[in-house]
Amino acid sequence: MDYFWELFFGGLTRGSIYALIALGYTMVYGIIELINFAHGEVYMIGAFTGLIVAGVFSLMGFSGASLLVLAMVIAVLYSSAYGYTIEKIAYKPLRGASRLAPLISAIGMSIFLQNYVLLAQTSDFLPFPALIPEFDFMEPYIDYLGSSELVIILTTVLVMIALTVLIKFTKIGKAMRATAQNKKMAMLTGVNVDHVISMTFIIGSGLAAVGGVLIATHIGQINFYIGFIAGLKAFTAAVLGGIGSIPGAVLGSLILGWTESFATGYISSDYEDVFAFCLLVLILIFRPAGILGRSTTQKV
Amino acid sequence: MFGIKKSLLVSIWFMFLTFPLMVIRVDTIEKTVQWRWMNMVYVGVGAFLFSYVWRFLLERKAAGSAVDAPAATVKERFTQRILTDPKMYRPVIAIVLVGAVIFPLIMDTYQVNIMVTALIYVVLGLGLNIVVGLAGLLDLGYVAFYAVGAYAYALLNYHFGLGFWTVLPIGAGLGALFGIMLGFPVLRLRGDYLAIVTLGFGEIIRLVLENWNEFSFGPSGISNIPRPGFFGMAFDMHSATQYLYYLMVAMVLFTIFVVNRLQHSRIGRAWMALREDEIACQAMGIDRTKTKLTAFALGATWAGAVGVIFAAKTTFINPASFTFMESAIILSIVVLGGMGSIVGVMLAAFILVLLPEYLRAFSEYRMLIFGASMVLMMVFRPQGLISNIRKKDAYKRSSDA
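Residue numbers (our numbering), protein chains in the order written: chain L, 1 to 300; chain Y, 1 to 401.
Simulated from the structure, these hints should not be mistaken for laboratory data. This one's a predicted model, so the numbers in the text were calculated from it and none came from an experiment. Beta carbons are placed, not taken as given, at the ideal position from N, Cα and C, and that holds for glycine. Misleading hints may appear alongside valid ones.
As the list claims (entries may be wrong) - Below, a list of computed lysine-lysine pairs in the PhoX-like style, where the Cα atoms sit at most 25 Å apart:
hint: 1; chain 1: Y; residue 1: Lys5; chain 2: Y; residue 2: Lys61
hint: 2; chain 1: Y; residue 1: Lys6; chain 2: L; residue 2: Lys92
hint: 3; chain 1: L; residue 1: Lys171; chain 2: L; residue 2: Lys184
hint: 4; chain 1: L; residue 1: Lys88; chain 2: Y; residue 2: Lys6
hint: 5; chain 1: L; residue 1: Lys183; chain 2: L; residue 2: Lys168
hint: 6; chain 1: L; residue 1: Lys183; chain 2: L; residue 2: Lys88
hint: 7; chain 1: Y; residue 1: Lys61; chain 2: L; residue 2: Lys88
hint: 8; chain 1: L; residue 1: Lys92; chain 2: L; residue 2: Lys174
hint: 9; chain 1: L; residue 1: Lys183; chain 2: L; residue 2: Lys171
hint: 10; chain 1: Y; residue 1: Lys5; chain 2: L; residue 2: Lys88
hint: 11; chain 1: L; residue 1: Lys88; chain 2: L; residue 2: Lys174
hint: 12; chain 1: L; residue 1: Lys92; chain 2: Y; residue 2: Lys61
hint: 13; chain 1: Y; residue 1: Lys31; chain 2: L; residue 2: Lys92
hint: 14; chain 1: L; residue 1: Lys184; chain 2: L; residue 2: Lys88
hint: 15; chain 1: L; residue 1: Lys88; chain 2: L; residue 2: Lys171
To be verified - Okay, the calculated bits of chain Y under chain L, using three or more residues with CB under 8 Å as the criterion:
hint: 16; stretch: 175–188
hint: 17; stretch: 321–332
In isolation and in its complexed conformation, chain L is listed as follows (with noise of 0.2 Å):
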C-alpha cells in the first residue's frame, strides 16, 4: 500500500506542476485562441533564472527558505517580462492574420529561446541545489510523501485560490472573462483589450515560473531542453480539462500526473512520455472539447 501511496502523492506532485503551466496555455488559449507554443520555454527561463538566483545569492550568505523566496520572486519577474515580451514581438503584429501564421511563429520563437538558453548557458544537464529543506515533522511519511512534495502540492494549491481570486473578484479578472467572452464586445464596453492580453501573458508566464523553480529544486538539475517536454505535456493537460476553462486545466493536470505516476510505477518506466501522448491522442479522438470543456458549433 506505502508503493501506491507513494505513487499517488508522486502523480500529485507531477499534476501541480503541471497545472502551474498547463494554465498559462488555457488562460491565453481563452483570450486569444493560440496555442501559445513558447510557453515550455518561459516555464525553462524561469528555472534558468532561478538557478542563477540562487547560485549568486548562496555566495552571498542567503540560504534555505529566503533563497527559495529570493529566487522564486526574480524567476518570476523574468518571466513575465519574458512573456510579455514574447506576445508583443511574436503575436501582437498576427492578430487577424490567419490562424497557423501565429502558430508557426510561436514554434520559431519556441526554437529561437532554447537556442537562446543554450547558447547563453550550456547545452548540458546543470544541478540545480535542493533548496526545499527537509522538515522534522515530515520524517514519519517520508516513505511516500518528501518535504519538496508537499511544498510543492501547498504552493499550488495556494497560487490557484489565489488566481481564482483574481479572476472572480478583481477589475483586471472581469475584463479577462469579458475579453475571453467576446472581445469586441469587451472592447466596445471600454475594456483595454492589448492590456487585458498582456496582463493574461504576465500571469500566465509568472505561473510558469513558479512552477519551473519548484520542480528544478526538487529533481535537481535542469537544462535547456525541459520546456519542450513539460510544455508539450502542460498542454496535454489544459487540453485533457478542455482548453480555455481554469478548473479543466487544473483536472486535467491532476488526471495526467496520476496517470503518468502509475502507468510508470505498475507498467514500464521506458515509456513515460508515451503514455501522456496517447492519451492525448485518445481524448481528443472520443472527445475533442476536453472533459469540462464545451464544444462549441461554429457558426458562418
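Since the structure of chain L is provided, determine the placement of chain Y on it from the hints.
Below, chain Y without anything else, positioned relative to chain L:
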C-alpha cells in the same frame, strides 16, 4: 528624436531581459560565478539597431498593404514573370538542369554528399508542402514518416535481406499506411489540435524506436545498411555517391512533376479550397475527411520513400536522426519558401541545408536563426520567399465569334 528615445528604451528593456542568462553563469558545484559583461554591450547595441529595423519594416508593411498596392504588384509581377513566362523560365530551367547533371562530375565526393542531403530536404520539403502548403494542415510530426521509411529499409534488409529497390516502394507504402492510420482519427480536429497530435505522434514513434530494443536495436541504431545497387554492379565510394546523387535528382524531378500535376488537379484545388475555408468547401460538396486524408497520406508517402534513400545514404540510422528539430527544419523550409510554392520550397531547402554546411562557424547559431527567421517571416512576409501564384482561369471569348 522620438525614434531614438524609443529604441533606447527597447535596448534597455532587452538588456534587463537578457541580463541573468547572458551575463551570469553559475557553477553550483564549484560555487563560482562567471560574469560576462561584454554580452550586455552586444545585446544593447543589437537591440537598439533591431528596434529600428523592426519599426521600419512594420511601417513599410503597413504602408504596402494600405497605400501603394499597385507599386507592390509591379514588383511582384517581375518575380512572377520569371516563373510564369515560358520565355523567361525555360532557359533558367535548362541551365539548372545542365548544372545538376555535371555537378558530381566536377566536384569531389564531399560536395556531392552535401548536395544529396540538400536534395533529400528538397523532396521532404515538397512532400510536407502538400500537407501544410496546399491542404493547410499543420503537421509537426512529419519526421515520423521519414523514420518509418528509414527503419523499413534497415529492418527489412537486416532480417530478410531485401534490396534497396524492393524496399523503396514498400517504404513509401508504409509511410502512406502510417499517414492514413494517424490521419483517420485525428483529421477531424481543428488545425491547432492537429499540430499537437502530430507532434505527439512523432515523439511516440521516436520513443518507441529508442526503447523497444528487440525491434529497433534501441539508441545504438542499425549499421551496415547497403547502398543502392544498380543491376549488381559494385561501386567504389565516389561513384556510389554519384549514383545516389543522380537517383535523388531523378526523385526531385519526379516529385516536382507529381506535385505540379496534383496542384492543378481536382484534388489539388479541393485541398486549396479546404485550406481557405472549410465550411464553404463542405458546402460545395467536397468530402472533407477524404480530401484531408489524401493530402496526409500523399505527404507521408514522400517521407517514407525519402527515408529509405536516407538510410541507404548514411548506411547507419538511429532514433537521434528523427527528432522534433528535424520536423521543425522541414517545416521551416516550407514556411520560408512560401507555402504552396514549389520553387520557393526548393530554394529554401538549399539555403537552409547548404548555408550551415559552408559556414561552419555559423552552424552553432543555425537553430537560433531558424527560429528567429520563422517568427520574422510570419510577421513581415507571411507569403514566404516566393509566394505561390494563384492560377486564374478567366473566361475568354473566342476571337472568331
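message: Hints numbered earlier in the text: which of these fail when held up against the supplied structure?
response: 13
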